[in-house]
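Visitor: Take a look at the letters that make up each chain.
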Amino acid sequence: MIKQASPLRRKLSQDIRLFCHQVKKHRTHYLFMFPYALFFLTFTILPVIMSIVLSFTSFNMLEAPKLIWFDNYYRLFLNDDIFITSLKNTIVFAVITGPVGFLMSFFLAWLINELTHMVRVAFTVIIYAPSISGGMFIMWAYLFSGDLKGYVNSVLFRLGLITEPILFFQDARFMVLLVIIVVLWMSFGTSFLVFIAGFQGLDRQYYEAAAIDGIRNRWQELWYITLPLLRPQLLLNAVLSIVNAFTIGDVVTALCGFPSTNYMAHTIINHLQDYGTVRYEMGYASAIATLLFVIMLSCNLLIRKLLKGIGT
Amino acid sequence: MKKVSIRRLLALIACVVVCLAMFPVISVAAETSSSNMPTDAFADNSYQSYLDQRISVGFSQCVVDIPVASYVQAKGSELIEDFKDAEEPVLVTEQDGSVCYEVIIEQEGLYAILAQYFLLESGGKIQRKITIDGQLPFKEAESTQLPRVYRDEEPLEHPEGKNDMVPAQVEVERWVTGYINDTESGNAKKLLFHLTAGTHHIEITTVNQKIALRSLSLESLEEAVPDYQSFLEKHESEGAQKVTGVLENGLLIWQAEETYEKSDSSLYAINDNSSPYNQPYDLSKQKLNVIGKEKWQDPGQWISWQITVPQSGLYRIGYRAKQSYSRDIDSVRALYVDGELPFREAGELTFRYSNQWQVLLAGGETPYWFYLTEGQHTITMEVADGSLSALLRRAENSVRQLNQANWSLLTLMGSEPDPYRDYDIMKYMPEVVDSLAEQVTVLQEIADEWMQLTGERGSNVVQIDVLVYQLQEMVEEPEQIPSLFAVFRDNLSNFANMIMNAYRQPLGLDYLFLCEEGAVLPQANPSFFLSLYYAFARFLNSFVSDYNVLSDDTFSEEQTQIRLWIGNGLTGGRDQAITLNNLILRQFTAKENIGVRVEIVPPSTILTATVAGEGPDVALQLNSGDPVNYAMRHAVVDLSTLDGFEEMRTQFPESTFTGFSYLGGIYALPETLSFPLMFYRKDVLQRLGIDINDIQTWDDLLELLPIIQGENMNVSIASNFTSYVSFLYQAGGQLYRNGDTESDLDSAVSLDTFSRMMEFYTHYGLPVSYSFAQRFRTGEIVIGIEDCTQYNMLQISAPEIRSDWGIAMIPGTRQENGEISRMAPVSVTGCSIMSSSEHVEEAWKFLQWYAGAETQYQYGRELESVMGVGARYFAANSEALSRLPWRSDELNILVQQIGKTAGIPEVPGGYLTARNVGFAITTVYSENADARRTLLSYVDSIHAEIALKRDEFSLD
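If you read the sequences in order, they're chains F and V.
Read in order, the letters of the first sequence are residues 54 to 365 in this note's numbering.
Read in order, the letters of the second sequence are residues 25 to 980 in this note's numbering.
If you're looking for bench data, these hints aren't it; they were derived computationally from the structure.
Take these hints with a grain of salt, some might be off.
Straight-line Cα separation of at most 20 Å, SDA-like style, residue types lysine to any residue; simulated pairs [what the hints assert, rightly or not]:
1) F/K202 x V/Q733
2) F/K119 x V/L712
3) F/K202 x V/S507
4) V/K163 x V/S507
5) V/K234 x V/W910
If you want a taste of the chain F side facing chain V, the calculated C-beta under 7 Å gives, among others [stated by the list, open to error]:
6) Q75
7) N113
8) M192
9) L196
10) G199
11) D200
12) L220
13) Q223
14) D224
15) N315
16) V331
Some residues of chain F that are not near chain V, with every Cβ distance over 12 Å (derived) [unchecked claim]:
17) L71
18) L120
19) L156
20) K202
21) N206
22) I219
23) F222
24) G242
25) D256
26) Y260
27) N270
28) P285
29) G302
30) Y316
31) L355
These numbers come from a predicted model, not from an experiment.
Note that CB positions come from ideal geometry on N, CA and C, so glycine has one too.
Please build the complete structure, drawing on both the sequences and the hints.
Guide: Structure representation (structure tokens):
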């Protein structure tokens, strides 16, 4: 007697057959996708999974990892003040540079879009320049140098406002503010460019039609027409600025040193580097990375939700 | 009416009182500054002003021979009979020894000292101190030099399909004749001494390097050299013919990089890929195909070549050269045949700016004929005084005048003058404004002449114009000087730099040739399409060649190979790796039959690479904390268990091993040292009447601080962990207690010393953040307790004050028994063997060879010859360090300070110590917090981290 396959198994084998059939049918598509998929799998998906696995272990890079379950996470949340500081800093940076940078670049693009062609081009170049010139933020280190001969210190001293030079990038009172300014200055360009391009691509017909349909002022125009049409750009920029904001780290190191005084400008990325490259606690570093991954993922989802509401 | 006038009178009196009350303050301020500064403070005793004053004396016609054995007094000197081929006995003077001669001068005049000598030591500069009648004639006489002559140890080879190797540069073993000179501080190739008629005592003291002296003479005038016209007429009348049909294609080419002798060890063959017509040329391998460029730019530097001339007669001489360095400064070379200038014009061969290689004939449009007899000849090309040199000397004089004005203004106003205060310069220092006005005219003249000479208004001339414009402003409105002062000082230092750089005349040479009449000159550059082809081929080759692996193809199959990683960080780099690779191939592989594969890899990847099984056998230039960090994770080999370790250990100061020890094992051999030294400005301290030997303790320094700061100058102590540890060790404190299981920063002594150190910044106004080299150079900082690497920094960035600064041991702390402790921490880079290595035995052999005195010395010396004086190597190996070319007084200080160093122990979790002390320093400074309490607040986290790490490595 032939044993009947269970319905579930039959369903499964059916699915596989269907999948194989699909692949065969669209094999050119899959072929085109294959190289990228391979790289994405090995260099993005696999490391993420490995990092999640390692976050449950104690691993010093040279000896085999030891499984310690949730100890790393307990320590992270309950016993690591510096992590809490860095989480706070990262969120402060993210909230200010992300949405603020996003809104500022949008409104600036909106305003500049009204100007004549040549002026627009000039502004675009000025605003975009910081983003292409990668290491240029170092000029801020010179501007706000802790030396009495640094530009800002020198000016303040001549005006009689200070008698001793201020160590801007070591002094807790100035550090965070300055880093925020620098990050804003750097991140501005790309999103600005995307918005300008978006504005350029808008079809004038919509505005004419809307005027006939009874749009009364520019604000209504912005809310009901411009923004919905710009949704793809908005989404792109929002995601970019969140990612940017959460991965601030090198700028802090370059300006404030590693680590910054009293960890005042320490970000999650800095914390990750500290444990990964100085203390060689890879398990703990993986836990930090995993957490950062989760935070960024949820922010992403949240933004998608928010942007769906535009123009309604 | 009366009331009004009384009121007026009262107002007037009040005004006068107020004015008088202010006046004394200003006048006292002015007086104190002038009383501390004798009026002759700037009567500078430099060679230049010595010569300026005496140039009217003129040269004498006579030559005065001084037999070396005829000295009247000698110290640490001996006469040696039968030295080499010398008929007479020769004189050898030990370091710090001296000889004194009595000479009778018949005719007053300026004399140069010519010596013939044989080098007995290799390495550093031959420095001699010259006194005449017991006095230094000028300050440069403190360390004058004698020229050295170098050659390639082995002839340069161009093996097919391999990278070329730079031949070692060694001194020639022959008698050298040269003038006492001072090319080091940019002065003349021969120093002139003024001697009146009568008897004089000339004393020569050995500062550095032993030589065997064969003869000495005082000479004055150079022989007259004929001009080209009479030179040619003379030879043509003697029947010399223009040669034709003898040379192949009418040309006899020799490669410029294949030298015979040279004046500097840095004049070795270099690689240039800027043109595929450079000979030889390879698409992917490094061919050493040219010579010179920026390494051949200072007046007096020469290169010679030996050629064989097939037939006597008149030839033209040509070269393929490139001067792509300065638009408004021509490079000038003198060409000597067998050491003699054939005619005057051969001393002024000019190379104009061009961004392309050029094939030129000596003489340009109307090429010169040179007379060469059949047989071997030496052709020498020397950097001549450029066409601008007279002008530059005047400009230098101008710089000196302006510097004086700058100093006078500095003492009145300080380096950051208050723009709202009236300093009344016209009243207190009218002469300064006058001298500024004078310089305006002088500089304008210089700028005009410069433009006439070079026919271009380049960046250099513009710089003079800027300065002139600013000076005019200052002269016309002296009350504006305070607000213009900062910019003036910048402009002045730029101007001084520009003058120094304008003496430089770089030139690259590819090959030279003899040329017959009517011969077709070689093509200098390929056509556009050929260039394009070569560029593209090079680009394609860059995908297959691994430029980070040196010498991969030079080993045979049977050899054991070890992999060596050298970092590319601050201490390492491509130049270092190439130098080391050359040394290895020449001396290690050849002898031990062990291949070494040298790879340039960033040090941070070592651990990850080891995990992946791709790590090296040997890692060099590890930072001080790394070896122990790796040791905790069992990644490096305990060297103390290997044979011959104890013997190696004795070669290094004991303190260097502290940072490499962990649980009784030692995990690295030391390479380079870094420790604090006290740098001081000799000239300024002398002016202030301060003797550096008076500063024995920090308290001594504090006592002198008012004098220094009263002159608007300052002292600096690096505000870092190292300085704190110096204070701590001197007070008898320690960083860790209980067998390195706990931090000791919460002990009373640690807190006290921290508070004491911070007072320097919070109470005494020492700068926290500053550029040391820059401020030391301008004289704003006159004493600095800084890391020893600043020594190199100053060599490069402040060459104009080279003879004006010195080093000393750092200030100490007086102990209860009255002794002074001058302890300082030392941090060390090291080299380790990775435990994953399968060739530990060979790797250890390599380390023993590498860290040994001989190799470290040679490595240090070659680095310096490749990279210049700024690459002085602070070798951890005691013998190697002392053999490097230091001045004897400097070496003395170094040895003393190194003897007073203690290492910084590396404990698990110890990285928090340096980090938290750094935090504490900035917090105390920025927030004016209490030093003791601040430091204490950081100690808990250090305790916790150490405990955590000890737990991780199961140490308790």
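Visitor: Each hint should be assessed against the structure and marked as holding or not.
Guide: Evaluation of the provided hints:
no., hint, result
1, F/K202 x V/Q733, "holds (17 Å)"
2, F/K119 x V/L712, "violated (66 Å)"
3, F/K202 x V/S507, "holds (15 Å)"
4, V/K163 x V/S507, "violated (35 Å)"
5, V/K234 x V/W910, "holds (13 Å)"
6, Q75, "violated (38 Å)"
7, N113, "holds (5 Å)"
8, M192, "violated (16 Å)"
9, L196, "violated (14 Å)"
10, G199, "holds (3 Å)"
11, D200, "holds (5 Å)"
12, L220, "holds (6 Å)"
13, Q223, "holds (4 Å)"
14, D224, "holds (4 Å)"
15, N315, "holds (5 Å)"
16, V331, "holds (6 Å)"
17, L71, "holds (41 Å)"
18, L120, "holds (15 Å)"
19, L156, "holds (33 Å)"
20, K202, "violated (8 Å)"
21, N206, "violated (9 Å)"
22, I219, "violated (8 Å)"
23, F222, "violated (9 Å)"
24, G242, "holds (30 Å)"
25, D256, "holds (45 Å)"
26, Y260, "holds (51 Å)"
27, N270, "holds (50 Å)"
28, P285, "holds (38 Å)"
29, G302, "holds (16 Å)"
30, Y316, "violated (8 Å)"
31, L355, "holds (35 Å)"
Comparing the model with each numbered hint stated earlier shows that hints 2, 4, 6, 8, 9, 20, 21, 22, 23, 30 do not hold.
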